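Protein sequences appear in the order of chains A and B.
So for the first sequence, the numbering used here puts the first residue at 1; every next one is plus one.
So for the second sequence, the numbering used here puts the first residue at 1; every next one is plus one.
Everything labelled a hint here was simulated from the structure, so no lab data went into it.
Hints may be right or wrong, so weigh each one.
Derived list of chain B stretches under chain A, where covered just means 3 residues or more per stretch with a C-beta under 8 Å from a C-beta of chain A [unchecked claim]:
1. 84 to 91
2. 316 to 328
3. 335 to 348
Bear in mind that the values here come from a model prediction, so they are computed numbers and not experimental data.
Ideal Cβ placement from N, Cα and C applies to all residues, glycine included.
Number of protein chains: 2
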Amino acid sequence: MELTLATLPTPALVLDDHKMGANIKRMRSAVRARKASFRPHLKTAKSVPIARRLMDSPRGPATVSTLLEAEQFAAAGVTDIVYAVGITPDKLPRVVALRQRGVDLSILVDSLDAAQAVAAYSRANGNPIPAFIEIDSDGHRAGLSVRELDQVVAVGRALHDGGAVLAGVLTHAGESYFARGQAALQTAADGERDAVVRCATALRAAGLPVPVVSVGATPTALSARDLTGVTEVRAGVFVFFDLVMAGIGVCGIDDIALSVLATVIGTRTDKGWILVDAGWMAMSRDRGTAAQPVDQGYGVVTDLEGRVYPDLIMTTANQEQGILALRPGSSASLPPLKLGDRVRILPNHACATAAQHQHYHVVAGNDGAITEVWDRFSGW
Amino acid sequence: MELTLATLPTPALVLDDHKMGANIKRMRSAVRARKASFRPHLKTAKSVPIARRLMDSPRGPATVSTLLEAEQFAAAGVTDIVYAVGITPDKLPRVVALRQRGVDLSILVDSLDAAQAVAAYSRANGNPIPAFIEIDSDGHRAGLSVRELDQVVAVGRALHDGGAVLAGVLTHAGESYFARGQAALQTAADGERDAVVRCATALRAAGLPVPVVSVGATPTALSARDLTGVTEVRAGVFVFFDLVMAGIGVCGIDDIALSVLATVIGTRTDKGWILVDAGWMAMSRDRGTAAQPVDQGYGVVTDLEGRVYPDLIMTTANQEQGILALRPGSSASLPPLKLGDRVRILPNHACATAAQHQHYHVVAGNDGAITEVWDRFSGW
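Whenever a hint applies, use it, and build me the whole structure from the sequences.
Here's what the structure looks like:
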């Protein structure tokens with residue numbers, strides 16, 4: 001039996017290949033126009049076929065968020081990888097094992113302790129590990145800030161002089177996810193660039209090499225006006241986009257390539273409810289739009305061809321059952337969906353929703369045919 | 001190398017076998033004391049070894065939330081299963097396929113449409129499918145209410161007279177997750193019981209058989225004073241417990257059997273932060289305690305032996321990095337954790353956190369040894 005959106009067992013993760021292709025093209029153009037190279041983050045997709053669509057070549061470059069991603073993508077032929085989460089010393093054997101198999105894997109540190117541990121392990125194994133210094137450009141998470149340039153230089157020296165390799169500086173403007181409007185996004189992008197470039201300048205002034213200056217977050221990557229001094233851009237969630245990205249204005253609802261297919265279990269017109277067989281297990285517990293001007297609940301509901309039902313969102317999610325209802329204050333009517341009908345639900349956060357699934361069911365047009373099924377992996 | 005909490009790659013899901021055993025014993029005693037049979041919900045664990053600890057026998061009885069659970073547990077020898085989420089007609093072939101393999105699988109309906117679809121499919125396949133009528137006892141999700149006894153009877157008749165089997169009535173007091181204190185919990189349990197018993201009475205008055213009267217939710221199962229008229233209790237999350245259950249008072253923090261093992265990436269004493277390699281991917285995005293009097297962030301932090309660090313919680317979670325900090329207003333001090341040290345983090349919601357992982361790493365005492373590794377499955 002041909003698999004279609006009408007026959008696929010639900011809930012299921014659906015990926016619109018045309019939308020994904022357009023999203024990738026847009027990001028690649030944006031980065032190229034700013035004269036930087038592109039190192040896509042593969043943590044959103046965690047899937048080899050999608051990685052190959054994202055990267056310059058089957059060998060990379062790529063960014064990952066776990067060592068399992070590095071190992072899985074290396075097994076698929078990717079040889080140029082940055083593991084962009086601060087390293088812990090117990091993970092160094094897996095790092096060196098990959099490097100000894102010919103993978104140019106770089107890691108991340110943001111403290112003298114970590115830099116010294118990486119240098120010591122590099123010396124002990126005769127394998128100089130390339131490490132980036134994580135720069136905190138907006139207080140969002142880890143990293144050294146421009147107020148600590150002495151520390152930045154000390155970490156750089158510990159790597160370079162200690163037997164590791166100073167790969168460069170790297171930052172992630174995580175706070176840009178909370179920016180609103182083009183001006184705020186550009187300010188976030190400027191801040192991200194300024195922070196790493198100032199740190200690179202300080203390192204170079206201290207006589208240290210800084211081959212790569214890396215920035216990255218989907219909102220800033222698409223909003224930056226000027227990336228002078230930056231050599232590389234990373235981004236991940238743009239591949240699918242999601243309601244959080246639409247809420248901050250870096251994409252439209254129609255650009256969202258990922259959705260969860262669900263079947264109607266029943267309706268409670270007295271309560272204004274349509275019940276479906278996708279709950280938080282299928283959507284994830286991510287409620288990223290709750291902090292935005294328009295709260296999209298657990299997701300925006302569309303028909304099988306991707307047309308949004310006005311004001312219909314998943315307002316409540318049990319483990320395996322979602323409640324669709326009109327947004328509070330809406331003057332729209334509940335669509336006449338009934339037992340067995342199917343809908344698609346656009347997610348708040350693509351990384352989180354995709355992680356609840358093991359396969360992407362790919363559609364390439366509006367005929368509902370599933371053209372391919374791509375595996376994704378999970379774990380660490 | 002022997003696997004221990006000190007050597008296990010992080011993040012990793014850790015299960016305290018002693019605590020789980022005590023939780024199971026407590027629930028079984030509570031149900032037995034109220035003269036009901038026990039049908040554990042396997043959706044929390046999704047793991048065969050844990051299912052066998054929960055059930056009366058390797059054959060069941062059991063409750064599941066997906067057909068994949070039914071299929072996986074059936075493959076492991078479980079033959080008495082209730083699939084306790086409202087059925088959609090497209091799922092009936094999988095239901096009958098399991099039944100034809102000798103699994104006594106029952107399903108759930110809450111509308112005349114669904115009952116008629118189940119009856120028609122039963123007749124067409126010569127396999128009378130047992131179906132429960134879902135009763136809404138507290139407005140939390142699907143189900144018919146006691147204000148619609150005519151509908152309840154109509155659904156029962158459609159099943160019984162139409163060629164299916166009326167298995168009984170079933171409810172889930174989902175709102176009990178928001179109850180606070182013993183009086184409120186007992187009221188929730190009373191309401192849950194009253195609703196199904198009244199529906200069972202109406203069905204019997206109409207000449208329909210109601211062999212099973214099933215209630216279930218961890219808070220009500222542990223709080224019910226009187227289950228007269230109820231034949232069966234279902235519950236799931238009690239097997240591990242979690243911070244939400246502790247917040248409503250049905251367990252203590254020390255009863256929580258599930259935790260996520262994490263390694264310290266670094267500290268930012270200027271910000272009051274300890275960074276670890278477990279973020280929302282390892283904890284889930286579930287923030288169930290956000291609506292409780294004590295918001296536990298993304299989880300409560302303990303040492304490797306399970307002792308809580310005073311007021312230390314995961315306040316922020318990135319995909320693969322968590323930020324541990326003191327609860328707002330705390331007068332405690334940040335513990336002197338440093339790069340490479342390890343902690344355990346207790347989850348808001350065990351069902352959601354376990355679903356982010358593929359294995360349970362079992363500890364059976366305070367020596368940190370991993371005594372067993374149990375698989376869990378996911379998907380639909």
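Non-conforming hints, listed in increasing numerical order
Nothing - there is no hint that the structure violates, so all of them hold.
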